[in-house]
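Novice: Residue-level listing of the chains:
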Amino acid sequence: MKKIVMKFGGTSLATGENIRCVANLVADSAKQGCSVIVVVSALNHTTDDLCDAAEQAKKRNEAYIRKFKQKMLEKHSAAALKAIKNKGVLQEIEQIIKKTLDELEKVLTGISYVGELTPKSRDFVVSFGERLSAPLVWGALRDLKLESQWVTGKEAGIVTDANFGEASPLMNVTMHQLRERIGPLLEKQVVPVVSGYIAATQDGVVTTLGRGGSDYTATLLAAALAVDEVWIWTDVDGLMTTDPKIIPSAKMLPELSYQEAAEMAIFGAKAMHPRALEPIMKESIPARIRNVFNPENPGTLIAKAQTAKRTEVVKAIALIKDVAMINVSGAGMVGAPGSYAKIFDVLGKNNVNIMMISTAVSEANISLIIRRSLLGRALSTLEIVLLGRGSISEVTAEDDVCVIAVMGANMKGTLGVASRIFTAVARKGINIRMIAQGSSELNVSFVVKEKDGEVAVRAIHEEFKLDKAPR
Amino acid sequence: MRIILVGYGVVGQSLADILLRRSIETVRDYGFNPKVVAIVDRGGAAINSKGLDLEKMLALKKKDGTVGTDPKFGYPQMSSSAVIESVEAEVVVEVTPTNVKNGEPGLSHIKTAFKTGKHVVTTNKGPLALALPALMELADYNKVYLRFSGTVGGGTPVLELAKRGLLGDKIIAIRGILNGTTNYILTKMEEKCITFQQALEEAQKLGYAETDPTMDIDGIDAACKVVIMANWIMNKKFTLKDVEVQGIRDVTLQALGKASKRGNTIKLIGSIDGNPTVAPTEISKHDPLCVSGVLNAVTFVSKFAGEETIIGRGAGGMETASAVLRDLLDIKHNLASELLM
Numbered sequence: 002m003k004k005i006v007m008k009f010g011g012t013s014l015a016t017g018e019n020i021r022c023v024a025n026l027v028a029d030s031a032k033q034g035c036s037v038i039v040v041v042s043a044l045n046h047t048t049d050d051l052c053d054a055a056e057q058a059k060k061r062n063e064a065y066i067r068k069f070k071q072k073m074l075e076k077h078s079a080a081a082l083k084a085i086k087n088k089g090v091l092q093e094i095e096q097i098i099k100k101t102l103d104e105l106e107k108v109l110t111g112i113s114y115v116g117e118l119t120p121k122s123r124d125f126v127v128s129f130g131e132r133l134s135a136p137l138v139w140g141a142l143r144d145l146k147l148e149s150q151w152v153t154g155k156e157a158g159i160v161t162d163a164n165f166g167e168a169s170p171l172m173n174v175t176m177h178q179l180r181e182r183i184g185p186l187l188e189k190q191v192v193p194v195v196s197g198y199i200a201a202t203q204d205g206v207v208t209t210l211g212r213g214g215s216d217y218t219a220t221l222l223a224a225a226l227a228v229d230e231v232w233i234w235t236d237v238d239g240l241m242t243t244d245p246k247i248i249p250s251a252k253m254l255p256e257l258s259y260q261e262a263a264e265m266a267i268f269g270a271k272a273m274h275p276r277a278l279e280p281i282m283k284e285s286i287p288a289r290i291r292n293v294f295n296p297e298n299p300g301t302l303i304a305k306a307q308t309a310k311r312t313e314v315v316k317a318i319a320l321i322k323d324v325a326m327i328n329v330s331g332a333g334m335v336g337a338p339g340s341y342a343k344i345f346d347v348l349g350k351n352n353v354n355i356m357m358i359s360t361a362v363s364e365a366n367i368s369l370i371i372r373r374s375l376l377g378r379a380l381s382t383l384e385i386v387l388l389g390r391g392s393i394s395e396v397t398a399e400d401d402v403c404v405i406a407v408m409g410a411n412m413k414g415t416l417g418v419a420s421r422i423f424t425a426v427a428r429k430g431i432n433i434r435m436i437a438q439g440s441s442e443l444n445v446s447f448v449v450k451e452k453d454g455e456v457a458v459r460a461i462h463e464e465f466k467l468d469k470a471p472r
Numbered sequence: 366m367r368i369i370l371v372g373y374g375v376v377g378q379s380l381a382d383i384l385l386r387r388s389i390e391t392v393r394d395y396g397f398n399p400k401v402v403a404i405v406d407r408g409g410a411a412i413n414s415k416g417l418d419l420e421k422m423l424a425l426k427k428k429d430g431t432v433g434t435d436p437k438f439g440y441p442q443m444s445s446s447a448v449i450e451s452v453e454a455e456v457v458v459e460v461t462p463t464n465v466k467n468g469e470p471g472l473s474h475i476k477t478a479f480k481t482g483k484h485v486v487t488t489n490k491g492p493l494a495l496a497l498p499a500l501m502e503l504a505d506y507n508k509v510y511l512r513f514s515g516t517v518g519g520g521t522p523v524l525e526l527a528k529r530g531l532l533g534d535k536i537i538a539i540r541g542i543l544n545g546t547t548n549y550i551l552t553k554m555e556e557k558c559i560t561f562q563q564a565l566e567e568a569q570k571l572g573y574a575e576t577d578p579t580m581d582i583d584g585i586d587a588a589c590k591v592v593i594m595a596n597w598i599m600n601k602k603f604t605l606k607d608v609e610v611q612g613i614r615d616v617t618l619q620a621l622g623k624a625s626k627r628g629n630t631i632k633l634i635g636s637i638d639g640n641p642t643v644a645p646t647e648i649s650k651h652d653p654l655c656v657s658g659v660l661n662a663v664t665f666v667s668k669f670a671g672e673e674t675i676i677g678r679g680a681g682g683m684e685t686a687s688a689v690l691r692d693l694l695d696i697k698h699n700l701a702s703e704l705l706m
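So the protein sequences, as listed, match chains X and R. First residue of the first sequence? That's 2 in the numbering used here, and the numbers climb one at a time after it. First residue of the second sequence? That's 366 in the numbering used here, and the numbers climb one at a time after it.
Hints were generated in silico from the structure; no laboratory data involved. Where is the CB? At the ideal position from N, CA and C, for every residue including glycine. Treat each hint with caution, since some may be false.
Pairs of lysine-lysine residues, derived as BS3-like cross-links and limited to a Cα-Cα distance of at most 30 Å, are as follows [unchecked claim]:
{"hint": "1", "chain 1": "R", "residue 1": "Lys-415", "chain 2": "X", "residue 2": "Lys-450"}
{"hint": "2", "chain 1": "X", "residue 1": "Lys-59", "chain 2": "R", "residue 2": "Lys-466"}
{"hint": "3", "chain 1": "R", "residue 1": "Lys-476", "chain 2": "X", "residue 2": "Lys-322"}
{"hint": "4", "chain 1": "R", "residue 1": "Lys-400", "chain 2": "X", "residue 2": "Lys-60"}
{"hint": "5", "chain 1": "R", "residue 1": "Lys-421", "chain 2": "X", "residue 2": "Lys-59"}
{"hint": "6", "chain 1": "R", "residue 1": "Lys-427", "chain 2": "X", "residue 2": "Lys-343"}
{"hint": "7", "chain 1": "R", "residue 1": "Lys-421", "chain 2": "X", "residue 2": "Lys-350"}
{"hint": "8", "chain 1": "R", "residue 1": "Lys-528", "chain 2": "X", "residue 2": "Lys-322"}
{"hint": "9", "chain 1": "X", "residue 1": "Lys-350", "chain 2": "R", "residue 2": "Lys-508"}
{"hint": "10", "chain 1": "R", "residue 1": "Lys-421", "chain 2": "X", "residue 2": "Lys-452"}
{"hint": "11", "chain 1": "R", "residue 1": "Lys-476", "chain 2": "X", "residue 2": "Lys-59"}
{"hint": "12", "chain 1": "R", "residue 1": "Lys-480", "chain 2": "X", "residue 2": "Lys-350"}
{"hint": "13", "chain 1": "R", "residue 1": "Lys-400", "chain 2": "X", "residue 2": "Lys-452"}
{"hint": "14", "chain 1": "R", "residue 1": "Lys-437", "chain 2": "X", "residue 2": "Lys-450"}
{"hint": "15", "chain 1": "R", "residue 1": "Lys-466", "chain 2": "R", "residue 2": "Lys-421"}
{"hint": "16", "chain 1": "R", "residue 1": "Lys-508", "chain 2": "X", "residue 2": "Lys-121"}
{"hint": "17", "chain 1": "R", "residue 1": "Lys-421", "chain 2": "X", "residue 2": "Lys-343"}
{"hint": "18", "chain 1": "X", "residue 1": "Lys-121", "chain 2": "X", "residue 2": "Lys-3"}
{"hint": "19", "chain 1": "X", "residue 1": "Lys-146", "chain 2": "X", "residue 2": "Lys-252"}
{"hint": "20", "chain 1": "X", "residue 1": "Lys-121", "chain 2": "R", "residue 2": "Lys-480"}
{"hint": "21", "chain 1": "R", "residue 1": "Lys-415", "chain 2": "X", "residue 2": "Lys-350"}
So these bits of chain X aren't anywhere near chain R, every CB distance computed over 10 Å [as the list claims (entries may be wrong)]:
{"hint": "22", "residue": "Gln-203"}
{"hint": "23", "residue": "Gly-211"}
{"hint": "24", "residue": "Gly-389"}
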């Protein structure tokens, strides 16, 4: 019998109708004899709203708290009303929503009394989003006569460290507990509904998983229960060769390797965070990105690399805006050990993440890419520290640049890929400011002026015929 | 280094001028690349995170009297504290006029800067005279630097001489002519045998004295400097109200004549030798302190190195702005070593 983890994102749970539709998807698979484990995110925008409310509570805005509770009650009750037909079940779910929101109000009021919001209390507030959405889905499933039970990530057995806001699971304990607690439900033909994103420390204090979020909950469950596939249900058909807003003829990618999918993280929210891929990568469990609103579509399969057709060298192209380039130069850096270390050290201490690095063996200069919003701070700090020390003569910046990342597992070992990429770009008369290729050879990244970004993406998309049907 | 310039009067504009004229050398010789990201004056603010064009800002100030009217970077209504709070920068240069009643707006500017993690360079004596011990504690607590070389001696490195030049020695007493206006008046009274009133009018005509000369002739300006030196150099927790102050209104030609016969003259001397005082004092004409015109002079009495006297022009826009530049370089130097540790 096939076992599947199905994770539903916030947009696929946006309304009561959507929740019903989600329940039907689960029911269909269950009726076909699959064991399904459901993982849910919070309803659309709820997590952001909870963060705002926590901030308002910190500012002692009690009127906001009352209004916020009312708003949440209306949002979730309306969804329940649409999602659940059976009166008895509906009443039960409404009770849970009310009770949960009463608790939330108490927590927020508590925060407003102390006027303090710690990462720990923020995690607790945020956890209410998934604590509200899971019962809704649970109700909708029972409405369809499915045996089901809902649990929080904490109850399911996900144990993390106490790094609130960005907690890491204690992997072996988590795996063991998930097997112990969720496994028996599956044996009894019960569909577990697990609230994603949230977990707890060994002492039972609520934490959140941060990067990777609910996807991570899904893959943890998948690995623990040795399922056959993980389905990440979202509101797009799958991952695309590039942003369809730039190139309308962008195609959906039918298949990606784990490594490729990890590289795709830079493509933004629709992709899976590399952290979430980790548990299933180890167990070789495939994941599939699917569209709730178009379930006929098979979506994008993320699985172990196939010894695939050599033709598909380039799979996808991403355009990353909102970045800036910093160039540090000085003849004194040549052959001077520790020059680069100083640069990285200073930026690290100032919490500036470096996205891309390029330097020549001549060592006379180094170029870095960072988030554009951090440029002012980074540039000023580098100047203060590095200038006037002899070895470094100039720190300059360009904030009108963008990064283009060209990705594909088969680029590895294929000769002439870089040449084709850069020839295509050069033909458009675009100057390349900086190039980097990791030794994994999965990704070539380069920097051009922002105004040239879309043209360059289009040129490469055409060169590798990504708009043609996959061969 | 990103700088917010609060106050765009004589000192502020002089600083802009110096930064413009010295920009190439400061980068080459000191590794100091200043970027003025905001200027605030009475009429509003101009903000550009990439650095304002100082030449344009000087021209605009001349034309409109404010930089808030800049079509692209101007914010006519924006308050100084909003700018200090919201604009990202390393240093706030606070050069608004001195107010010895409550130190405002300078005091709030400095506190706001500290709270948002910005270092402060100021030439504003008011906040320091009223609350220097408190401000030094706040700076320490917030791990930022507070520098104010320009408050004593204008461009003359009076504070640095004591703090750096006499490093390790113990300074027992400080005496000095700390105000150029009063020294000019006293010098002219003696030279030309004119009354205090006449000498004051002459000083006003030449622009050495303000229309309202109270701060200078009643010794308050000198007293502020005494407070700053006592705190910074001698570690005493004095504020303005601890200083016994007497101005020069009552100095007569007669008294000057009598002193002259003894080979002496009368100067307005600020002194810290036990209690801090400011008063017209008879000193020998051969005393190195005895300088004429608008000059300032300060003598440090140190335990081992003996007496050192530093003489220089005590005021002026360019002079004071050069002290600000010195402070900025000092902060840049400290930050660089701190960040490399």
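Novice: All the hints need checking, so say for each whether the structure fits it.
Specialist: Comparing the hints with the structure gives:
Proposed proximity of Lys-415 (chain R) and Lys-450 (chain X) is supported: the alpha carbons are some 18 Å apart, at most 30 Å. With a C-alpha separation of about 36 Å, the suggested pair Lys-59 (chain X) and Lys-466 (chain R) falls outside the 30 Å cut-off, and the hint is violated. The suggested pairing of Lys-476 (chain R) with Lys-322 (chain X) is violated, with an alpha-carbon distance near 37 Å, which exceeds 30 Å. A distance of roughly 35 Å separates the Cα atoms of Lys-400 (chain R) and Lys-60 (chain X); the hinted pair therefore is violated under the 30 Å criterion.
At most 30 Å may separate the alpha-carbon atoms for a hinted pair to count; Lys-421 (chain R) and Lys-59 (chain X) exceed this at roughly 43 Å. Under the criterion of a C-alpha separation no larger than 30 Å, the hint pairing Lys-427 (chain R) with Lys-343 (chain X) is inconsistent with the structure, at around 44 Å. For a cut-off of 30 Å, the pair hint linking Lys-421 (chain R) to Lys-350 (chain X) is broken: about 36 Å separates their Cα positions. A hinted pair counts as satisfied when its Cα atoms are at most 30 Å apart, and Lys-528 (chain R) with Lys-322 (chain X) does not qualify at roughly 50 Å.
Proposed proximity of Lys-350 (chain X) and Lys-508 (chain R) is supported: the alpha carbons are some 15 Å apart, at most 30 Å. At roughly 29 Å between alpha-carbon atoms, Lys-421 (chain R) and Lys-452 (chain X) fall within 30 Å of each other, so this suggested pair holds. Restraint check for Lys-476 (chain R) and Lys-59 (chain X): the C-alpha separation of about 23 Å stays at or below 30 Å, so the hint holds. For the proposed pair Lys-480 (chain R) and Lys-350 (chain X), the alpha carbon gap of about 20 Å is at most 30 Å, so the pair holds.
Straight-line distance between C-alpha atoms of Lys-400 (chain R) and Lys-452 (chain X) comes to about 27 Å, which keeps the hinted pair within the 30 Å bound. As the CA atoms of Lys-437 (chain R) and Lys-450 (chain X) are separated by approximately 24 Å, the hinted pair is consistent with the 30 Å bound. Using a Cα cut-off of 30 Å, the hinted pair Lys-466 (chain R) and Lys-421 (chain R) is violated, with the two alpha carbons roughly 35 Å apart. Restraint check: the Cα-Cα separation between Lys-508 (chain R) and Lys-121 (chain X) comes to about 27 Å, which is no more than 30 Å; the hinted pair holds.
For a cut-off of 30 Å, the pair hint linking Lys-421 (chain R) to Lys-343 (chain X) is broken: about 36 Å separates their Cα positions. About 38 Å separates the Cα atoms of Lys-121 (chain X) and Lys-3 (chain X), which puts this hinted pair outside 30 Å; it is violated. A C-alpha spacing of about 39 Å is found between Lys-146 (chain X) and Lys-252 (chain X), which places the hinted pair above 30 Å, so the restraint is violated. For the hint linking Lys-121 (chain X) to Lys-480 (chain R), the alpha-carbon distance of about 25 Å falls within 30 Å, and the restraint holds.
Proximity of Lys-415 (chain R) to Lys-350 (chain X) is assessed by CA-CA distance (about 22 Å); at most 30 Å being required, the pair is judged to hold. Distance check on Gln-203 (chain X): its Cβ is at least 35 Å (rounded) from any Cβ of chain R, clearing the 10 Å threshold; non-interface status holds. For Gly-211 (chain X), the condition that its CB be more than 10 Å from all CB atoms of chain R holds, with the nearest at approximately 26 Å. Not every Cβ of chain R is farther than 10 Å from the Cβ of Gly-389 (chain X); the closest lies at roughly 2 Å, contradicting the non-interface assignment.
Checked against the numbered hints given earlier, this structure breaks hints 2, 3, 4, 5, 6, 7, 8, 15, 17, 18, 19 and 24; the rest are met.
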